[in-house]
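Residue strings, one per chain:
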Amino acid sequence: MLTAIAIVIIGVLLFLANMFMDNYQLRILNLSGIYIILSLSMILINGFLGLFSLGHAGFMAIGAYTVALLTTPPMAKQMNYYLDPIVPWLAETEWSFLPAILLGGVLAAIAGFLIGAPVLRLRDDYLAIATLGFAEIIRIVFTNLQSVTNGSLGLKGLPEIEIEIPLPLIGFTLNLSACIWIAAIITILFMVRLVNGSYGKAFKAIREDEIAAEAMGINVFKHKLLAFVIASFFAGVGGAFLGNIMGTVDPLMFRFLLTYNIVLIVVFGGIGSLTGGVLAAIVITAAMELLRFLDSSFDMGPIAVSGIPGLRMVVFSLLLMFIIIFKPRGIMGVREFSWQWLIELPQSIKNSSFGRKKLRKDVSK
Amino acid sequence: MTIMDFPTFMQQVVNSLSLGSLYALLAIGYTMVYGILRLINFAHGDIFMLGAYFAFYAITIFTLPWYLAFPVAIIFTVLFGIILERFAYRPLRNSPRIAIMISAIGASYLIENLGVMIFGGRPEAFPTIQLFNQIFSIGSVKVSGVSLLIPIVTLVVLLVLFYVINKTKTGMAMRAVSKDYEAARLMGVDVNTIITITFGIGSGLAAVGAILWGMKYPQLIPLMGLMPGLKCFIAAVIGGIGDVRGAVIGGFILGFGEIMLVAFIPDLSGYRDAFAFVVLILVLLIKPSGIMGKATVEKV
Chain A
333 MLTAIAIVII
343 GVLLFLANMF
353 MDNYQLRILN
363 LSGIYIILSL
373 SMILINGFLG
383 LFSLGHAGFM
393 AIGAYTVALL
403 TTPPMAKQMN
413 YYLDPIVPWL
423 AETEWSFLPA
433 ILLGGVLAAI
443 AGFLIGAPVL
453 RLRDDYLAIA
463 TLGFAEIIRI
473 VFTNLQSVTN
483 GSLGLKGLPE
493 IEIEIPLPLI
503 GFTLNLSACI
513 WIAAIITILF
523 MVRLVNGSYG
533 KAFKAIREDE
543 IAAEAMGINV
553 FKHKLLAFVI
563 ASFFAGVGGA
573 FLGNIMGTVD
583 PLMFRFLLTY
593 NIVLIVVFGG
603 IGSLTGGVLA
613 AIVITAAMEL
623 LRFLDSSFDM
633 GPIAVSGIPG
643 LRMVVFSLLL
653 MFIIIFKPRG
663 IMGVREFSWQ
673 WLIELPQSIK
683 NSSFGRKKLR
693 KDVSK
Chain P
3 MTIMDFPTFM
13 QQVVNSLSLG
23 SLYALLAIGY
33 TMVYGILRLI
43 NFAHGDIFML
53 GAYFAFYAIT
63 IFTLPWYLAF
73 PVAIIFTVLF
83 GIILERFAYR
93 PLRNSPRIAI
103 MISAIGASYL
113 IENLGVMIFG
123 GRPEAFPTIQ
133 LFNQIFSIGS
143 VKVSGVSLLI
153 PIVTLVVLLV
163 LFYVINKTKT
173 GMAMRAVSKD
183 YEAARLMGVD
193 VNTIITITFG
203 IGSGLAAVGA
213 ILWGMKYPQL
223 IPLMGLMPGL
233 KCFIAAVIGG
243 IGDVRGAVIG
253 GFILGFGEIM
263 LVAFIPDLSG
273 YRDAFAFVVL
283 ILVLLIKPSG
293 IMGKATVEKV
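Going down the list, the protein sequences come from chains A and P. Residues are numbered in my numbering as their position in the first sequence, beginning at 1, plus a constant of 332. Residues are numbered in my numbering as their position in the second sequence, beginning at 1, plus a constant of 2.
Hints may be right or wrong, so weigh each one.
Unchecked claim - Derived pair list, reagent style SDA-like, types lysine to any residue, alpha-carbon separation capped at 25 Å:
hint, chain 1, residue 1, chain 2, residue 2
1, P, Lys-171, P, Arg-187
2, A, Lys-554, P, Pro-290
3, A, Lys-536, A, Val-552
4, A, Lys-659, P, Leu-94
5, P, Lys-289, P, Met-262
6, P, Lys-289, A, Leu-557
7, A, Lys-659, P, Arg-40
8, A, Lys-488, A, Leu-361
9, P, Lys-289, A, Ile-543
Claimed, not checked - What follows is a set of in silico ranges between Cβ atoms, one per label pair, in the way DEER data are often shown:
hint, chain 1, residue 1, chain 2, residue 2, range
10, A, Arg-624, P, Leu-284, 41 to 49 Å
11, A, Pro-641, P, Thr-62, 19 to 27 Å
12, P, Lys-289, A, Lys-488, 42 to 50 Å
13, A, Val-615, P, Arg-187, 39 to 47 Å
14, P, Asn-135, A, Trp-427, 54 to 62 Å
15, P, Ile-293, A, Ile-442, 29 to 37 Å
16, A, Phe-625, P, Pro-98, 32 to 40 Å
What the hints contain is simulated information worked out from the structure, not anything from laboratory work. Note that beta-carbon positions come from the ideal geometry of N, C-alpha and C, so glycine has one too.
Excised from the complex, chain P in its bound form:
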């Protein structure tokens, strides 16, 4: 254990907050898709990667200012997520669950290889935006603008999302489909549209996460979505898969856990990536339905 002074500690808290926010944004996409289709969307991490690259190219090649580049990148990512669902998942809607999961693995593999081919294997540096990279001092705590921006953006996005899910008709339909697919269809919900919207929202959140991620950790490689993707699925499982609040809680648990593990026990910093998996296995063994999930009993 290292003993640290208060400013360093606060710095770590800010870092954990921003990492946790990023994980939460990505985890929501997993949990929403799983809630409706019972599918681990293995390609979600790769959609995240695409979001980051779209923003990167919008700024560097098309020389758009950031306030135009980011919305464009988000729109393209959303479109891509919808296309992915249309071509890789919809044809298998009525197949056994293993088939659709394998399709997800195949899609992930395809996007990664496309990424390597089109974007090249060399890492690219995400452009720095002066406005967000200033260093603020609050008392003796120094934080970069990005670290403050991430939790704020996440909070706003989450509020909008909760409004959509809880207060609008579309949100009600989404909840109905995730509760009971067949019954929702019988009640006149257009299930295909709802699934498209769900993929759109999930991909949009992934794109927001990717842009913020790019500003905080400005190194882009085509495989950058692999690890965050897996960890965020884990975050969704920890929180109770299918539950959006659970995904947010799970994301923050992982974010805080990882940063604090490295901060307090530097000897274990090599095991940082293992933290999520260890927590996952503990949760699965103790309470497989996750923190917010309700245990279901299978009837014969």
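Isolated chain A, as found in the complex:
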């Protein structure tokens, strides 16, 4: 019930934001939503199953390319493919966005299944490097399929996502921000249900001790594969939105630096906490933009400081290194947000400050 109210409130806030914010602020808001989807999908495997997978960029590429290829109008496609004509079965397709995004997710999930089935038998570092390898292979294949993906030239001029809701009386269209945030909220709700349900308990059991979990009758491999496929689906959906918001899709976008970005968001929030993932996605996306002033020159009183291009990313990576070294569990660790916690918050604050006063009295005596 509280959750439903919270969603309505968030919806209203987003609606207001959509009306009153300028394009730049909206873009940051949209990026945060996308990174929520991506970081939750990574937390599912890396946090709740304890499998270190670095293959996200590949799955995102699949989602992004699917949506870009299916929804770009035929005219725009012809403009893009000047080196090699596009394959005929893609030239005339113009799907609406909802099925295209879902198909993007499903194709990413299928790829996740095909990759996961052999690779998930590996452990730790081997798994990390094998998933990374597969992501790179996906990217290299996309670079070379000139007549399908337009190779390294990429696809430009993608139409912005909007989904029409054809209800009989109040038919309306959802714009890009609405689509992203609806997807993000669905992702959050789905992940919370999944993690708190029996599957989630099995995942955590596997994370804590694989052999013990197997002895308790959990089919370890099946659960790993399931989580991997689900995570791939959401990575595909997130990638679809990310490609769309950028307006262009090209293979260089999906290098493993993109996966690093998500890893660092997840680490910042605390691997193993969905709440942490959501918070970190918003905080880091906003911080990346706020730090942008470091790159350009700015006035500090009478002194004009000339910006150093690239300083922003250095500061950003330094901050993250500090977090990793001094607070390796991230801001949330494995704690989660719950209504119970929020309701009891005033009480617990009172208790703690009361306790502190009492302690001080003891000391003064």
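Since the structure of chain A is provided, determine the placement of chain P on it from the hints.
Chain P in isolation, oriented as in the chain A frame:
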């Protein structure tokens, strides 16, 4: 398949030899660090990049002659590798393995961004050194001096390395730490010093590789370490991680595989970078412990 005449083929063999040597030099750094800390040093490729830039700046800005510039660059790279271990990895020595691996990713990210900031995103051209860029003709085979120099330097470096590992006390301590960390400590080995030395040697080899790389492929960009770094880790895995001979074998397998793939099947030249990953996945599925590695059984 293309059919090629003998001189072209020999040319490709020389190219494969030099590429394989470069991969081997870099792969050793990965395998040594992994052997001791069980850590994929994701930043190793970026240390390689730094080595190349140090040499570049020593020659262009400080106008040192190459025989001074190269040792200086190697020393700076070694220092950097040691500093990296001290500040990014040592504080996390007792944390879970995932934490230290993430720290490695973070360090790699930091060095790359520092590189972009300090060196700029524009590619720089590694200075050509007249002595090494002459073209030699052996019969009808034409090879550049660099392509001959690389395998020779690598061979010398490897001989020294094997001597250090197998014949000296430090080498014995290194082998002991990689065999059993705790037991080595109990036997009086100063583990921290050994780890520092290992990072130093690894970074030094990366710097040698980077300088040779710069002479053969004279284009420097701050992200140049990414791909070679990944491939060389793969080379180490293929050879059996933790085993120096394995890393060398893995490096040469990748070097020969890549060059010959492009030479014999030019249609697949776009897939050159995928070759290493395909081999990696095959090896992991068939024999995860690598060519030289011994299978270990986990006891409950």
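Hints and how they fare:
Annotation: proposed proximity of Lys-171(P) to Arg-187(P) holds, straight-line Cα distance about 15 Å (limit 25 Å). A C-alpha spacing of about 21 Å is found between Lys-554(A) and Pro-290(P), which places the hinted pair at or below 25 Å, so the restraint holds. Under the criterion of a C-alpha separation no larger than 25 Å, the hint pairing Lys-536(A) with Val-552(A) is consistent with the structure, at around 11 Å. With a CA separation close to 11 Å, the supplied pair Lys-659(A) and Leu-94(P) stays within the 25 Å bound.
For the suggested pair Lys-289(P) and Met-262(P), the alpha carbons sit about 24 Å apart, so the restraint of at most 25 Å is met. A distance of roughly 22 Å separates the Cα atoms of Lys-289(P) and Leu-557(A); the hinted pair therefore holds under the 25 Å criterion. Between Lys-659(A) and Arg-40(P) the alpha-carbon distance is near 22 Å, which keeps this suggested pair within the 25 Å criterion. Straight-line distance between C-alpha atoms of Lys-488(A) and Leu-361(A) comes to about 23 Å, which keeps the hinted pair within the 25 Å bound.
Under the criterion of a C-alpha separation no larger than 25 Å, the hint pairing Lys-289(P) with Ile-543(A) is consistent with the structure, at around 22 Å. The hinted range of 41 to 49 Å is satisfied by Arg-624(A) and Leu-284(P), whose Cβ atoms lie roughly 44 Å apart. For Pro-641(A) paired with Thr-62(P), a C-beta distance near 21 Å keeps the hint of 19 to 27 Å intact. A beta carbon spacing of about 45 Å between Lys-289(P) and Lys-488(A) agrees with the range 42 to 50 Å that was offered as a hint.
Distance hint for Val-615(A) and Arg-187(P): a CB-CB separation of about 41 Å, consistent with the stated range 39 to 47 Å. At about 55 Å, the beta-carbon gap between Asn-135(P) and Trp-427(A) stays in the expected band of 54 to 62 Å. Between Ile-293(P) and Ile-442(A) the CB atoms are about 33 Å apart, so this pair conforms to the stated range of 29 to 37 Å. Between Phe-625(A) and Pro-98(P) the Cβ separation comes to about 36 Å, which falls inside the hinted range of 32 to 40 Å.
Violation of the numbered hints given earlier is absent; every hint is satisfied by the structure.
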